[in-house]
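**Q** Working from the sequences, and respecting the hints, build out all of it.
Residue numbers (the numbering used here), protein chains in the order written: chain A, 1 to 416; chain B, 417 to 629.
Honestly, the hints are just simulated from the structure, not real lab data. Incorrect hints may have been included.
[What the hints assert, rightly or not] Below are the SDA-like pairs computed for lysine to any residue, each with C-alpha atoms no more than 20 Å apart in a straight line:
hint, chain 1, residue 1, chain 2, residue 2
1, A, K42, B, K618
2, A, K42, B, G610
3, B, K618, B, M600
4, B, K618, B, N597
5, A, K123, A, A133
6, A, K123, A, N78
7, A, K123, A, Q244
8, A, K42, B, L628
9, A, K261, A, A89
10, A, K42, A, S291
11, A, K123, B, L625
12, A, K42, B, F614
13, A, K123, A, S245
14, A, K42, A, F71
15, A, K123, A, D47
16, A, K123, B, G610
17, A, K123, B, S607
18, A, K42, A, S245
19, A, K123, A, P191
20, A, K42, B, A613
21, A, K42, A, S366
22, B, K618, B, S594
23, A, K42, A, Y124
24, A, K42, B, S627
25, A, K187, A, S50
26, A, K123, B, Q612
[Unchecked claim] Chain A side only, calculated, beta carbon under 7 Å to chain B, not exhaustive:
hint, residue
27, P246
28, L247
29, T249
30, L268
31, G270
32, L271
Glycine residues also receive a C-beta, built at the ideal position from the N, C-alpha and C atoms.
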Amino acid sequence: MMLRLAVASLMARALTVGMAVLAIALSVALFLGVEKVRTGAKASFADTISGTDLIVGARSGSVQLLLYSVFRIGNATNNVTWESYLDIAARPEVEWIVPVSLGDSHRQFRVMGTNSAFFEHYKYRQGRSLELAQGAQLGDLFDAVIGADVAATLNYGIGDPIIVSHGIASFVEHEDQPFRVSGILAKTGTPVDRTVIVSLEAIEAIHVDWQGGAQVPGQTTPAETLRQMDLTPTAVTAALVGVQSPLQTFALQRAINSYPKEPLLAILPGLALQELWGIVGIAETALLAVSCMVVVTALIGMMAIIFSSLNERRREMAIFRAMGARPRTIVGMLVLEAMLMAAVGALLGLALLYAALFVAQPVVDSAFGLWLPIEAPTLRDVYVVLAVVGAGAIVSLVPATRAYRMSLADGMMVRT
Amino acid sequence: MKKMFFCAAVVAATPLASETERQLGAHQHGIGALNIAIEETAVLMELRAPGADIVGFEHPAKSEEHRAAIDAAVATLAQPLSLFVVPDAAGCSVTRASAMLETEEGDLDHDGHDHEDHADHDGHAHDDHAHEDHAHEDHAGHEAHDGKQGHTEFHAEYMLSCADPQALTEVAFAYFDSFANARMLEVQIVSASGAQAFEVSKEAPLLDLRSLY
Numbered sequence: 001m002m003l004r005l006a007v008a009s010l011m012a013r014a015l016t017v018g019m020a021v022l023a024i025a026l027s028v029a030l031f032l033g034v035e036k037v038r039t040g041a042k043a044s045f046a047d048t049i050s051g052t053d054l055i056v057g058a059r060s061g062s063v064q065l066l067l068y069s070v071f072r073i074g075n076a077t078n079n080v081t082w083e084s085y086l087d088i089a090a091r092p093e094v095e096w097i098v099p100v101s102l103g104d105s106h107r108q109f110r111v112m113g114t115n116s117a118f119f120e121h122y123k124y125r126q127g128r129s130l131e132l133a134q135g136a137q138l139g140d141l142f143d144a145v146i147g148a149d150v151a152a153t154l155n156y157g158i159g160d161p162i163i164v165s166h167g168i169a170s171f172v173e174h175e176d177q178p179f180r181v182s183g184i185l186a187k188t189g190t191p192v193d194r195t196v197i198v199s200l201e202a203i204e205a206i207h208v209d210w211q212g213g214a215q216v217p218g219q220t221t222p223a224e225t226l227r228q229m230d231l232t233p234t235a236v237t238a239a240l241v242g243v244q245s246p247l248q249t250f251a252l253q254r255a256i257n258s259y260p261k262e263p264l265l266a267i268l269p270g271l272a273l274q275e276l277w278g279i280v281g282i283a284e285t286a287l288l289a290v291s292c293m294v295v296v297t298a299l300i301g302m303m304a305i306i307f308s309s310l311n312e313r314r315r316e317m318a319i320f321r322a323m324g325a326r327p328r329t330i331v332g333m334l335v336l337e338a339m340l341m342a343a344v345g346a347l348l349g350l351a352l353l354y355a356a357l358f359v360a361q362p363v364v365d366s367a368f369g370l371w372l373p374i375e376a377p378t379l380r381d382v383y384v385v386l387a388v389v390g391a392g393a394i395v396s397l398v399p400a401t402r403a404y405r406m407s408l409a410d411g412m413m414v415r416t
Numbered sequence: 417m418k419k420m421f422f423c424a425a426v427v428a429a430t431p432l433a434s435e436t437e438r439q440l441g442a443h444q445h446g447i448g449a450l451n452i453a454i455e456e457t458a459v460l461m462e463l464r465a466p467g468a469d470i471v472g473f474e475h476p477a478k479s480e481e482h483r484a485a486i487d488a489a490v491a492t493l494a495q496p497l498s499l500f501v502v503p504d505a506a507g508c509s510v511t512r513a514s515a516m517l518e519t520e521e522g523d524l525d526h527d528g529h530d531h532e533d534h535a536d537h538d539g540h541a542h543d544d545h546a547h548e549d550h551a552h553e554d555h556a557g558h559e560a561h562d563g564k565q566g567h568t569e570f571h572a573e574y575m576l577s578c579a580d581p582q583a584l585t586e587v588a589f590a591y592f593d594s595f596a597n598a599r600m601l602e603v604q605i606v607s608a609s610g611a612q613a614f615e616v617s618k619e620a621p622l623l624d625l626r627s628l629y
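**A** Now the structure itself:
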């Protein structure tokens, strides 16, 4: 009975009620959206590297080394000499080690020099290995394996030539030594999708005729000669390391960190990520607080609408009273109306969020490399909806109390 | 040495014998580091704590009192299960424990305070000399460094064997009761499920490990 009355009353004021509901819906969508992006970003980062016990690079900060070597974000770290790399590789604790050499680019994509062990040991999303969608792994010196996004964006197929640019601003190109696409990796949702992978030796080879960051004019070593040359690298950017046993992780880390010949840094990727979340945590909290305030604002807007409706509903209230409704019933009806508005708003917000995710997912993925999963609402989302309904009820108590008092007086005094 | 907690990082170990390079590590009073690695039933723990946290001073022991304090601290540090209390259900026992004081002061202090393999007194198994070798390597570096006033650190390494590592759901840090100057331990844990970091403080001396499983 009361529910029918409340619904009918809301329907009668569809426009103003609709505005309040829309405000609540948008605010709830924003609040839940912030949380989705936050958890999506975390999961995306956490899924990028798995199974690697240590990352070794030049001494910098653990977050910087992680971001640069794995995510290709932020400032470049110094290089590590090949001698140090071999020293670490020779340590008994090391089960496997994969070199990573960054610095060159192809169009907007990074070129990474490594060896075939990368395909074997690089793991993402709880231990998944890289898979080739087409073609073969690195065979020839000038073979390149490209990530799924590289292939899709530049429309490359197997056998297409690739010219690597020196540095990341494409002013100078290694035009003399074109690569050939030998394989295309399946989509992983990690930065590997946006990477051109070549062999470490190839990185050396394309720099053979270069001195001081520019090509020596007129000097081009033919590819055949390069294939015969000793292309042992002089430096790498970082190395991914797997240890024999977790018990040796810390000992190896300490040994690398106090390696006397070169200032090196070994980090545990999981801990570096945790450190990163610690840093961005403040911004996250601020963002959540702001979106929370938006929800509060929307609810206060709803309160204002109920308040202003009280005046125009004086006669209605008086009739209810005359027909025997107790003041408590009036309060109950107002609270029920508010809860209905909040509930519809919150559910609409949830629907808006999913619609937005559906539209934004591919865009965000290609622009930021961030995969936002579309999943069923979590328990937390349900709590948020319930909290908004509850908060709506509490907020409506303020106008309801006023109506409670007024309906007493209005019921007894006859006014025109 | 002033009892200044959380004072900015200054000097610590790793002076070098071979090269002309100079490197220093971080050193924060009040904050120690505990690394825990778990592989099946084996649990390795490494504790590094500034001298200021453990005995309240970092200068070389000059008086009998200081020596006694260091000896007592090293003896306490060699009892891991009374410093880091794990649930009985895990069935952990100590297979190796060692604690020592490391200083930049050259070899002055080492002989007196290096209580290597202290746990042997408790009759625990002692089948691994690898750690001993490692410790001496460390010392070789320090001895080459000529003495300036430096910071000292207590290092302890424990090897535990736990019958049921899944039952290691929490660790109670009685450590903070034993060493009144210690304020915080930065705990890093490596296990089959990956690496995780925690901060355990004097105010909240309980580490919940359920997220590891």
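**Q** Could you tell me which of the numbered hints above are not met by this structure, giving the numbers in increasing order?
**A** 1, 6, 11 and 18
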